Every structure is written in structure tokens, then in C-alpha cells.
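Trainee: Residue-level listing of the chains:
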Amino acid sequence: MEKTGAQVILEVLLEQGVNRVFGYPGGTVLNIYDALYEYSDRITHYLSAHEQGAAHAADGYARASGKTGVVIATSGPGATNIVTGIATAYMDSIPVVAITGNVATSLLGRDTFQEIDITGVTMPITKHNFIVKDINDLAPTLREAFRIANTGRKGPVLVDVTKDVTAAKIDFTPKIPAEIPEIKTNDYALESAIPAIKDSKSPMLYIGGGVISSDASQELIKFAEKLDIPVASSMMGLGGFPATHPLYVGLIGMHGVYEANRAAHDCDLLIVAGARFSDRVAGDRLKFAPHAKVVHIDIDPAEMDKNVVSQYHIRGDLKNVLQKLTDKLPKAEHKEWIETINSWKRPIPEQDSTGYVSPKAIIETLDRLTNGDCIIATDVGQHQLWAAQYFKYTFPRQLITSGGLGTMGFGLGASIGAKVACPDKKVVLITGDGSFHMNLNELTTLASYNLPVVVLLFDNRVLGMVRQWQTVFYGKRYSQTDPHRKTDFPKLADAFGINSLSIKKPEDIEPTLKKALEMNAPVLVDCSIAPDESVLPMIPPGGSVKDTIDKMNI
Amino acid sequence: MAEKLLLSALVNNHAGVLLRVAGLFSRRGFNISSLTVCETENPKFSRMTIVSEAEPNTFRQIEQQLLKLEDVIKVIRLKDEKYVSSELLLVKVRAENKDRPAVLQTISKYGARVKDIGHLTITSELTGIPSIIDEFVKELEAHTIIELTRSGVTALESGDISINDDID
Ligand SMILES: Cc1ncc(C[n+]2csc(CCOP(=O)(O)OP(=O)(O)O)c2C)c(N)n1
Ligand SMILES: [Mg+2]
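Residue numbers (the numbering used here), protein chains in the order written: chain A, 866 to 1419; chain B, 129 to 296.
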């Protein structure tokens, strides 16, 4: 059937099972938007307030659903506005396809109005990118983009399409999406690691986001249970192993629990499953797990020995690797080792929140009121770490957070994407006043589409996380982290046509949260948090478990 | 201690591939001593020969990162003298009448070819392994080198094997 390039784009999206896209119109994507008008019965387009919000929404949609997120933006400023969103998805290996318009092929390279070399700009932050200048290449390139975004280690792919291509006509035949090629397990490496696992007296699992992207949660639980191995998780891995499970030790890394960091330090075998020893976990990469043999399982062979040298490199899809290991290894018990870890347990230090509400109390109440069954999106800062520490994540894709890039302003867009992906789940955004200020314009998107996201604003009136570093490392010289902003958040919510509530005293927590959760409408809850409330414990950058800070000197 | 790493990569013959490879080396902090690239017998592919200096324990990392680029089809490491390599040098030296015989003598000693003779200079060409070229240049330094350009090394595996062996 004859189609325009713009129609071809939408046809390929349909072919790939995409029926939700996020974006913002403009000159070079006019043809695409015209086609969206025609296809609106099959593809719902969510208009954001700013392209960055649309990019984070596509990312949040992908994180919550496991499907590919799609964002559309116009050339020039539209395209540069999605750069932070693409980089965020790239750092966390999230499958996103970004479609940008560009000026007509005949105008390329002439500094035409709103011309930007977006493939040049995004080269280091995409898995791959393309510019399409010939209608014949359009459908194959888009199909390739979906394949690349989902093959092996996932990630964002950008397709830049010149305006003339979106107008040109071609005979289009739909195609069944290509199967995503399976990544074969390196069985030789797997076999060679078996004796080391068998012989270990004090093994430890350190899991990351790979467990979630490979959908390996069930296999992980079976493996950990059969071999009786305790599990610590990076922030990206939270939910990959249920926090309520007896073998779960907790969050590992800079703000992880002491016992998880101590166990990683003292274990004789560290099995790393879909994690990458980021500096936020292995502060001092040369001193991480110094007594352990390391078995590194990852789909991306370039992760092996990148940060921490490992003895066994098992390249493969975690789901398959863990299944095989579970089958091949006999049942084991590590009672004594687990007791030792339990004896290291130190509760996360309590802090004085007099006059304010404690973040811990809010998050634990939220966990209780929702029976742990809601999706939590976060922004970046102290509130993000509190959300990681205090909520008990029990299923994959439950926590939506920018781990690798640490993008303030990610949360609101991401929560919109998550709600679109999971309309039947409660979605709660835990954000901070600083982060929220960055992209709060997306409140208008929440309102337009009436998306019942609960926005819990941890309002400490400071750029808390940076301020905390200034407390510890810069002699309390609070340079630009105490902005004394006068924003009235409830009024702001009102202005956007959104409900608002506030939590000012501990007694407010339960009734207010209940009300917000039952509202079934977008709502902002302004929570007064003490500016001096810190994220503890803390291992200073470059340090190891022995450097753990348990108390702030405020 | 940094050592020399010689890689041969089969890549898609597209615009931008060189930029992707060079960008990868630069952002990961890998060094490039030389890089040569041109279309192969199959116009779909180009072949790159990359010389890098790196700590041997990062050699694997460099190869693996290269392989992650969509446009990189295959990477082989050339080592242990199991390869043939060659580089091209063009060099212009001052060769006024009195110096001319000595310059020509050096040129012929190395089997280099005279490509151009000016009023005051001789431009010659030498192909060979980099160490021979180094030696030749060193010897020419006895005269005055006006300018020179080297292509960077290009290489193939020796014997009957080929990078295309398992490529369809
Ligand atoms: C886009 C961006 N700019 C700057 C930073 C550095 N940064 C990290 S946390 C933080 C403060 C966050 O403040 P807020 O959102 O209020 O969270 P809080 O730490 O107070 O909970 C800053 C500035 C960042 N991560 N992202
Ligand atoms: Mg704050």
C-alpha cells in the first residue's frame, strides 16, 4: 500500500506493538503529527510540557512495562531538549527509540533554521543512531532501531528523519518484528565457575539492574534459595529480589546498609549478577571484595574487568545463566555465614526530626498503606536514597529511578510514563524540592491526561544531598544549596489544576497519605522535611566499608 | 607499563563510522597511535588498522568496547609476529648539489623510491614495517628534513586465514 514516510513511521511503530508515544510537535515533524492525527485511534500520543519530560516519560514507560519507550521531537531545540532524557536511559540501559525530525535533505549542512546534527550530538549517549535521508531506508532503519534497542544490553537508539522523507511516498508492506536474538551463555565459563561456587563457605550475591532487564527475578530467587546465598542489591537492582525474603541483606554501596557492605568485604565468593561495580557501589574498586573470588555474570562482555577484576566471566543472559547454575549445582547451606551477617546488622541510624516529619516514617507508612504494592518513581537527591532505603521493594520494575546518570528532573516525566504503562497500579513519585523545580512544568501533563500520580514532595527547602556533602566535606559552607526559595507548592499545584495536601506533623502522615492514595486523581503532597536530615550510613567516595559514617556532625 | 596493541577491525562502510570509533577511544581514555581505514574488496565493509598504547590488562576492554559499536563487525588482535604489516612514508629532504649524492645513497640503501626532485629537495617514498621507516627517517636526519607524512600502519594476518572467514 502506498504510504507517506510519516505514515510508514507509525506503521512500523504499530508493527512493533507500540501504541503509546510521548512527544512534542514542531516544524520538521509536522508530517508525523499529521499522521498521528489520522492514527489517533491506534496510537495515543502524550503531549508533554517540554521535550525533556517526554523523553523521561518514554524512559519511565519502558522501565515500568519492559517494552520499548518511544519519544518524538522536532529538529534543533526539540532534539537537544531530549538529550538528557536519552543519556539517562543510556546510563541505565533502558530501551528507548527516539524519533527526531530534521530539515529537508537538500538543506542539511547549511545551518538551516532549527538544523542540528543530533546524531553527532547523541553519538556517545545512544547504543546507536541513524539519520534517514532516503524513504527506502526508513522502515528498515526503524525496525533496526527497535532490534538494537532490545538486543543484548538494552539502550536508547535515535532515528533522525529528514522532513522530505516524511513527505515522500513509498509502497509499504508490514513485517512481523524480527526476533530479538538470544545471547548465548558462555557455557565453558559457566562450568569453570561451578567448583568455586561449590567450595565457597561464605558466598554473596550482588545484583543489579540486569536482573530486571533480563526478567530473571524468579530464576534468581530459585538460585539463591537452593544455594542459600544472601543477596545484596545495587539501587538499580531493587525489586529484582524481594526485600521481604529472608536471604535479602539490603542495599549495597555508598548509602547501603552496613551488613551488606561488610558481607561484600568479608565474603569468600562474590557472584555479581547484572551489576557493574559502579563507583557508587565499589567506592575503592581496588579494595572491593578483597577476600573473594569474583564470578561476574553479565550480558555485556565489556563489563568484565572494566571496574573490578573478576576470576570468572560468565557472559550470557542472566535468566539462562542462573537457571543453568541452579540445575548444575547441588543444594547448599550457609547457616553460619548468614548468622554472621545477621550479627553485623546495624539499624539505619535514627535522626531527630523534631518540628518536621521523618522521611522514614512517611515511606514506611506508604509501604504499609499500599501493602507494598505500588510503583515508586523518584527524582535525585536524599529523597531518592531514602526511597531506596526504606521502602521494601518486592517485585521487578517497582522502583523507577535514575541510577547511572542521577538526573534531577527525571521523576515527574518518568512517573507519567510509568502510569501510562501501568494504569492499574498506584504510582507514587517521591521527589525533592530541587529536583521538582527542574521539570515541574509536567504537572500540566498530569492534569491534562488526569493521570492519578501521587507526588510526594520531600520539601526540605534545600538541595539536601549536595548540602550533606558540604556538611561532611566542606566545613558546612553551604554554597548555593540553601536557596531560600519561596515557592508555595500547594498553590502551584492549584495553578496547574491539581489537588494538593500537606504533611507538616507526624500525625498528618497516615491520614494524609490515605487521602492522597484514595483520591484517584493527580495530587501533590507537600511534606516538611528537616533541612539537616541526612542520608546515613554513608561511605565517603573512594572509601570502603571501614570508612562508614554513621552519624552526622551537625 | 603501556604496550603496543595492534587491532584490525572489519566495520560497516558507512559515513560516521570513523567518528564512532575515534569517539569511543577518546571518551574511554584509550590512546590511538595510528589508525588507517579504507574500503575493502567488499564495498559493504571497510577495514581499520588501529595501533594503540595501553596497559595489557586493558587490551580486552578495548576490544570489547569496540565490538559494542553496531558498525563494528569483527575485531582481531594481531600479535606474536603472526601478521604482515606495512606503512607508507613520504619524506622531503633538503638535497642541494653537494648533498645530493649522500641523500640518494641513503634512499637507495633503504630501497626507497624517488618520487619528485625539486631545485633544492628530493621527495622519496618508502613502504615497510614501521621500525624500518623509523630507521630511514633517523638516517635522513643527518640532512635536513623539510616535511614528512606517514600513513600509519596497515596490517593483515599472515597465513591462509582471513578476517572474513566467519562473516556471511
Ligand atoms: C540535573 C542535575 N543537576 C545537578 C545535580 C547534582 N545534585 C545531586 S542531588 C542534588 C540536590 C537535590 O535536591 P532535591 O531535589 O531538593 O533533593 P534532596 O537532596 O533535598 O532530597 C543536586 C543539585 C544532579 N544530580 N542533576
Ligand atoms: Mg530538597
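Keep in mind that the hints were calculated from the coordinates and are not lab data.
Any given hint might turn out to be false.
Stated by the list, open to error - Keeping only pairs whose Cα atoms sit at most 30 Å apart, straight-line, the calculated DSBU-like set for lysine-lysine is: (1) A:Lys1034 with B:Lys172; (2) A:Lys1087 with A:Lys998; (3) B:Lys237 with A:Lys998; (4) A:Lys1196 with A:Lys1225; (5) B:Lys196 with A:Lys1158; (6) B:Lys196 with A:Lys1049; (7) A:Lys998 with A:Lys1040; (8) A:Lys1034 with A:Lys1049; (9) B:Lys202 with A:Lys1049; (10) A:Lys868 with A:Lys1034; (11) B:Lys196 with A:Lys998; (12) A:Lys1291 with A:Lys1341; (13) B:Lys202 with A:Lys1184; (14) A:Lys1049 with B:Lys207; (15) A:Lys1380 with A:Lys1291; (16) B:Lys132 with A:Lys1040; (17) A:Lys1063 with A:Lys998; (18) A:Lys998 with A:Lys868; (19) B:Lys172 with A:Lys998; (20) B:Lys172 with A:Lys1049; (21) A:Lys1040 with B:Lys172; (22) B:Lys196 with A:Lys1152; (23) A:Lys1152 with B:Lys202; (24) B:Lys196 with A:Lys1189; (25) B:Lys172 with A:Lys1189; (26) A:Lys1040 with B:Lys196; (27) B:Lys132 with A:Lys1184; (28) B:Lys196 with A:Lys932.
These numbers were taken from a predicted model, which means no experiment stands behind them.
Trainee: Work down the list of hints and note, for each, if the structure agrees.
Mentor: Quick rundown of the hints versus the structure:
With a C-alpha separation of about 27 Å, the suggested pairing of Lys1034 of chain A with Lys172 of chain B holds against the 30 Å cut-off. With a C-alpha separation of about 50 Å, the suggested pair Lys1087 of chain A and Lys998 of chain A falls outside the 30 Å cut-off, and the hint is violated. Taking the CA atoms of Lys237 of chain B and Lys998 of chain A, the gap is near 53 Å; set against the 30 Å cutoff, the hint is violated. For the suggested pair Lys1196 of chain A and Lys1225 of chain A, the alpha carbons sit about 38 Å apart, so the restraint of at most 30 Å is broken.
For the hint linking Lys196 of chain B to Lys1158 of chain A, the alpha-carbon distance of about 27 Å falls within 30 Å, and the restraint holds. Using a Cα cut-off of 30 Å, the hinted pair Lys196 of chain B and Lys1049 of chain A holds, with the two alpha carbons roughly 16 Å apart. Distance restraint check for Lys998 of chain A and Lys1040 of chain A: the Cα-Cα separation of roughly 21 Å lies within the 30 Å cut-off, and the hinted pair is therefore satisfied. For the hint pairing Lys1034 of chain A with Lys1049 of chain A, the CA-to-CA distance comes to about 40 Å; that exceeds 30 Å, so the pair is violated.
Simply put, Lys202 of chain B and Lys1049 of chain A have alpha-carbon atoms about 17 Å apart, close enough for the 30 Å limit, and the pair holds. For a cut-off of 30 Å, the pair hint linking Lys868 of chain A to Lys1034 of chain A stands: about 5 Å separates their Cα positions. Straight-line distance between C-alpha atoms of Lys196 of chain B and Lys998 of chain A comes to about 25 Å, which keeps the hinted pair within the 30 Å bound. Note on Lys1291 of chain A and Lys1341 of chain A: the hinted pairing is violated, with a Cα-Cα distance of about 39 Å set against a maximum of 30 Å.
With a C-alpha separation of about 27 Å, the suggested pairing of Lys202 of chain B with Lys1184 of chain A holds against the 30 Å cut-off. Simply put, Lys1049 of chain A and Lys207 of chain B have alpha-carbon atoms about 28 Å apart, close enough for the 30 Å limit, and the pair holds. At most 30 Å may separate the alpha-carbon atoms for a hinted pair to count; Lys1380 of chain A and Lys1291 of chain A meet this at roughly 13 Å. The straight-line distance between the Cα atoms of Lys132 of chain B and Lys1040 of chain A is roughly 47 Å, outside the 30 Å bound, and the hint therefore fails.
At roughly 56 Å between alpha-carbon atoms, Lys1063 of chain A and Lys998 of chain A are farther apart than 30 Å, so this suggested pair is violated. For the hint pairing Lys998 of chain A with Lys868 of chain A, the CA-to-CA distance comes to about 16 Å; that is within 30 Å, so the pair holds. Distance restraint check for Lys172 of chain B and Lys998 of chain A: the Cα-Cα separation of roughly 18 Å lies within the 30 Å cut-off, and the hinted pair is therefore satisfied. For the given pair, Lys172 of chain B sits about 27 Å from Lys1049 of chain A by alpha-carbon distance, which is consistent with the 30 Å threshold.
For the hint linking Lys1040 of chain A to Lys172 of chain B, the alpha-carbon distance of about 24 Å falls within 30 Å, and the restraint holds. For the hint pairing Lys196 of chain B with Lys1152 of chain A, the CA-to-CA distance comes to about 28 Å; that is within 30 Å, so the pair holds. Annotation: proposed proximity of Lys1152 of chain A to Lys202 of chain B is violated, straight-line Cα distance about 34 Å (limit 30 Å). Under the criterion of a C-alpha separation no larger than 30 Å, the hint pairing Lys196 of chain B with Lys1189 of chain A is consistent with the structure, at around 26 Å.
This hinted pair does not check out: Lys172 of chain B and Lys1189 of chain A have alpha carbons roughly 39 Å apart, beyond 30 Å. The straight-line distance between the Cα atoms of Lys1040 of chain A and Lys196 of chain B is roughly 27 Å, inside the 30 Å bound, and the hint therefore holds. For the proposed pair Lys132 of chain B and Lys1184 of chain A, the alpha carbon gap of about 38 Å is over 30 Å, so the pair is violated. The suggested pairing of Lys196 of chain B with Lys932 of chain A holds, with an alpha-carbon distance near 22 Å, which does not exceed 30 Å.
Hints 2, 3, 4, 8, 12, 16, 17, 23, 25 and 27 from the earlier list are contradicted by this structure; the remaining hints agree with it.
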